[in-house]
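Enquirer: Next come the chains, spelled out residue by residue.
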Amino acid sequence: MNPLTRRRITNVALNTAGILVFLFAVFPVYWMVATAFKSNNQIFTTDFIPFPTEPTLDHVSRVFDKGVAGNSIWVYLKNSVIVAVSAVVIGAVFSLLAATAVARFRFKGRVPFLILLLVAQMVPAEALLIPLFLNLQRLGLYDQLFGLIVVNVGMTLPFGIWMLRTFVAAVPKELEEAAWIDGASRFTTFWKVLFPLVAPGLVATSIFSFITTWNEFIYAFTLMKDSTSYTMPVAVQYFFGQRGTDWGGIMATSTLMTIPVIGFFLLVQRRMVSGLVAGAVKG
Amino acid sequence: MSNQTSTIARGGGNHSAAGRRRKQTGRTPRKSLPSWVIPYALLLPGLLIIAGLLLYPLFQMIVMSTQKVGLREIRRGTPPESVGLGNFETILDNDLFWSALRNTVLFAVFAVTFTLVVGTLVGLLINRLGKKMSKLVIVGCMAAWAVPPVAVGVIWRWLADADAGIINWFLNLLPDWLAAPPDGQTSWTGYPWLNDVLPIYVILTIAVVWQSFPFIAVSVLAGLKSIPSELYEAAKVDGSSAFRTFWKITMPLLKPVFAVLTVLSIIWDFKVFNQLFILAGGTTNREAFNLSMYAYAEAFRSPPKMGSGAAIAVLLTLILLVVTAVYVRQIVKQEDIR
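Sequence lines, in order, name chains S and U. Reading the first sequence from the start, the letters are residues 1 to 283 in my numbering. Reading the second sequence from the start, the letters are residues 284 to 621 in my numbering.
Chain S extracted, bound-state conformation (with noise of 0.2 angstroms):
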């Protein structure tokens, strides 16, 4: 075989490999979303229907008119994106604080403090659950959506601080000298200088809060009782609950769970990947 061809048989396997990889991660994705928009007669077929050839909003509009659990859908979404949006201020914040002190001074109980938020991140949440259920109880913050987000940024700090840190770390300190030097404050160096560099990591750090947020299931499964505090994952849950699933209904949920998730993930991958702050030093 001469190498060309050689090479363009290699090139027909790997692209083909290529494309059935793709299928593969993909497919289950539009499978959910493919689902939301069927008619029931296309849902529920042994027959393989690869497109919704008879489109339909009636799952969509239903999980919004009627919903589930008693409560529209929009209740849930309202419910998730203040749980999310509020956990991921309140850690942006205290992230900040602690990724500066630990990325920018060296003091003592900084390697056990960096140590413990590695093992934060093992910790079971059913083990934290038990204890956090009766805390929150004897709290009065049982069933409150408060409680869930104090919860949240507990749960998202740890990794939180630890990105966050690279950021910081990332930004030369050559610039915060600068500004010292023109006789600025400690504040003002950071609040000007330091902020807005570190600003693209904070918003990958609070995407990726945003995201386990959003996702998280056990605990608002566990401390929200009543129905009109659940969260998007809890609402869908909820759907198995009844008598003969009502998979076009669930799909929809699931489609609009997921969405925001998959448009915030498409944004941080791309941040992660431009070189931060290459650059804003020279010479």
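Think of the hints as simulated: they come from the structure by calculation, not from any bench. Please note that the accuracy of each hint is not assured.
[Stated by the list, open to error] As a list, the in silico DSS-like pairs of lysine-lysine whose alpha-carbon atoms are at most 27 angstroms apart:
| hint | chain 1 | residue 1 | chain 2 | residue 2 |
| --- | --- | --- | --- | --- |
| 1 | S | 173 | U | 414 |
| 2 | U | 508 | U | 351 |
| 3 | S | 225 | S | 66 |
| 4 | U | 508 | U | 418 |
| 5 | S | 108 | U | 508 |
| 6 | S | 78 | S | 225 |
| 7 | S | 173 | S | 192 |
| 8 | S | 225 | U | 538 |
| 9 | U | 519 | U | 538 |
Add chain U to chain S, keeping to what the hints say.
Expert: Same frame as chain S, now just chain U:
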């Protein structure tokens, strides 16, 4: 930029020589915190949150694992009574614990292995694809990676549906010698994947591998991009086969990456909950429990036995702690922590 003369002197000493010089020219330094306090002040709010929501509950969990915490203690606030190691004894005597442990460990072994193998292969593949094609595959992988765990459970529960599921439809397409219908049936249609433990875990493994391989692939890809191409050129000149090059150059250089990825995968797969919860249909199927589900069900299904739930959680945490120790050592070794 720094031609101006001093305006305000900085509070606290910092280690720049230029700053120190400036101080002498300045007026009296503004009153401010002593510099050693600053990092602690910055750290305090975060540390309080971690202490209140992580460390203290962990401590409570350990205490509770030696107590009887039932409905009376939860509802009426009766002080729980200590049972020593009684909870652990009861659990270790229970067959359910051993089946949950078996499910957890076997699932982790298979899921971690498949995730790493598939992820690495896809990473290597993307590295060799053309620009457009590699972008397409990466975006596809991102889509799978981004799906919320609960939705992953929902999607695969639907794909594995007995009648309308695509998995059974696909198996019907395959010739009988490759995928014979179960128990002398004429077709796969109607085969319930989510009733018995083994099929549930087969679907769970596929679902979790599907969701986790993209992370491995992207990390391996990033690792591959960091290997200088000269090494590969040298290997090519020396007539090394592709397999040998992979084994002698790529693998050793990516070893630290693999170490971290393996440990992270083990930690995640040991804790898997949401997907199993959805696939197994809640906590009704006790034989399908893994340790997280068992701890949860013990603590929250009526009648609640939070003491023994905590005891199971303690055992799970101990297992994970051992794995995490390896992870922390690896990270510290890579000097990532400096």
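Enquirer: Next, verify each hint and record whether it holds.
Expert: Here's how the hints hold up against the structure:
For the hint pairing residue 173 of chain S with residue 414 of chain U, the CA-to-CA distance comes to about 36 angstroms; that exceeds 27 angstroms, so the pair is violated. A hinted pair counts as satisfied when its Cα atoms are at most 27 angstroms apart, and residue 508 of chain U with residue 351 of chain U does not qualify at roughly 55 angstroms. Our distance criterion of 27 angstroms between C-alpha atoms is met by residue 225 of chain S and residue 66 of chain S, whose separation comes to about 20 angstroms. For the hint pairing residue 508 of chain U with residue 418 of chain U, the CA-to-CA distance comes to about 15 angstroms; that is within 27 angstroms, so the pair holds.
Restraint check for residue 108 of chain S and residue 508 of chain U: the C-alpha separation of about 37 angstroms exceeds 27 angstroms, so the hint is violated. For the suggested pair residue 78 of chain S and residue 225 of chain S, the alpha carbons sit about 17 angstroms apart, so the restraint of at most 27 angstroms is met. At roughly 14 angstroms between alpha-carbon atoms, residue 173 of chain S and residue 192 of chain S fall within 27 angstroms of each other, so this suggested pair holds. With a C-alpha separation of about 47 angstroms, the suggested pair residue 225 of chain S and residue 538 of chain U falls outside the 27 angstroms cut-off, and the hint is violated.
A distance of roughly 22 angstroms separates the Cα atoms of residue 519 of chain U and residue 538 of chain U; the hinted pair therefore holds under the 27 angstroms criterion.
The structure is inconsistent with the numbered hints 1, 2, 5 and 8, although it conforms to all the rest.
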